[in-house]
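Could you put the whole structure together from the sequences, leaning on the hints where they help?
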Amino acid sequence: MIERIDAGPRMSEASIHNGVVYLAGQVPETDGADIEIQTREVLEAIDALLAQAGSDKTRILRAQIYLADIADFAGMNRAWDAWVVAGNAPSRATVEARLARPEWKVEIVVTAAV
0 MIERIDAGPR
10 MSEASIHNGV
20 VYLAGQVPET
30 DGADIEIQTR
40 EVLEAIDALL
50 AQAGSDKTRI
60 LRAQIYLADI
70 ADFAGMNRAW
80 DAWVVAGNAP
90 SRATVEARLA
100 RPEWKVEIVV
110 TAAV
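Residue numbers for the sequence shown follow numbering that gives the first Met the number 0, beginning at 0 and rising by one.
Hints are computed from structural coordinates only; laboratory data are not their basis.
Glycine included, every Cβ here is placed at the ideal spot set by N, Cα and C.
Hints may be right or wrong, so weigh each one.
Said to hold, decoys possible - Label pairs and their in silico Cβ distance ranges:
id: 1; residue 1: VAL19; residue 2: VAL84; range: 32 to 42 Å
id: 2; residue 1: HIS16; residue 2: ALA47; range: 16 to 26 Å
id: 3; residue 1: SER11; residue 2: ALA73; range: 30 to 40 Å
id: 4; residue 1: GLU2; residue 2: GLN63; range: 15 to 25 Å
id: 5; residue 1: VAL94; residue 2: MET10; range: 16 to 26 Å
id: 6; residue 1: PRO101; residue 2: GLY53; range: 32 to 42 Å
id: 7; residue 1: ASP68; residue 2: ARG91; range: 30 to 40 Å
id: 8; residue 1: ASP33; residue 2: ALA92; range: 29 to 39 Å
id: 9; residue 1: ALA70; residue 2: ILE1; range: 18 to 28 Å
id: 10; residue 1: MET10; residue 2: ALA92; range: 20 to 30 Å
id: 11; residue 1: VAL94; residue 2: ASP46; range: 16 to 26 Å
id: 12; residue 1: ALA85; residue 2: ASP30; range: 30 to 40 Å
id: 13; residue 1: GLY31; residue 2: MET0; range: 36 to 46 Å
id: 14; residue 1: ALA99; residue 2: ILE4; range: 14 to 24 Å
Encoded structure:
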């Protein structure tokens, strides 16, 4: 059985299968804000979706981080480091990529245990 959260015609914000929740890429709310604000907004969205799925950030297995400009790596890490729970940091990859909207500086995808 597959459970979908906030399913739309094109995508779901999250899908749950076999005790694992797969989140869609989460993006910031505030266009043009600095990288730390945008990263905090994305992490708040991740927290909310994980809660809906019956999970939380301590159960994240993997994170994929996309930055529009790799020069924002340090700023993104400041927000990430303040958010991640010590001893529960997931496996992670960070790459530079062109995002769907030029106002976005960061997009994060996570997979977590439920």
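Status of the hints after comparison with the structure:
The hinted range of 32 to 42 Å is not satisfied by VAL19 and VAL84, whose Cβ atoms lie roughly 19 Å apart. Checked against the given bound of 16 to 26 Å, the beta carbons of HIS16 and ALA47, roughly 20 Å apart, stay inside it. Our hint of 30 to 40 Å for SER11 and ALA73 holds, since their Cβ atoms are close to 33 Å apart. The hinted window of 15 to 25 Å between GLU2 and GLN63 holds, with their beta carbons roughly 22 Å apart.
For VAL94 paired with MET10, a C-beta distance near 21 Å keeps the hint of 16 to 26 Å intact. Judged by the Cβ atoms, the range 32 to 42 Å given for PRO101 and GLY53 holds: they are separated by roughly 35 Å. At about 18 Å, the CB distance of ASP68 to ARG91 disagrees with the hint of 30 to 40 Å. For ASP33 and ALA92, the hinted distance range of 29 to 39 Å is not satisfied, since their beta carbons lie about 23 Å from each other.
Distance hint for ALA70 and ILE1: a CB-CB separation of about 39 Å, inconsistent with the stated range 18 to 28 Å. Distance hint for MET10 and ALA92: a CB-CB separation of about 21 Å, consistent with the stated range 20 to 30 Å. At about 23 Å, the beta-carbon gap between VAL94 and ASP46 stays in the expected band of 16 to 26 Å. At about 32 Å, the beta-carbon gap between ALA85 and ASP30 stays in the expected band of 30 to 40 Å.
Here the CB-CB span from GLY31 to MET0 is close to 41 Å, well matched to the stated 36 to 46 Å. About 20 Å separates the C-beta atoms of ALA99 and ILE4, a value consistent with the hinted range of 14 to 24 Å.
The structure does not agree with the numbered hints 1, 7, 8 and 9 stated previously, though it agrees with the rest.
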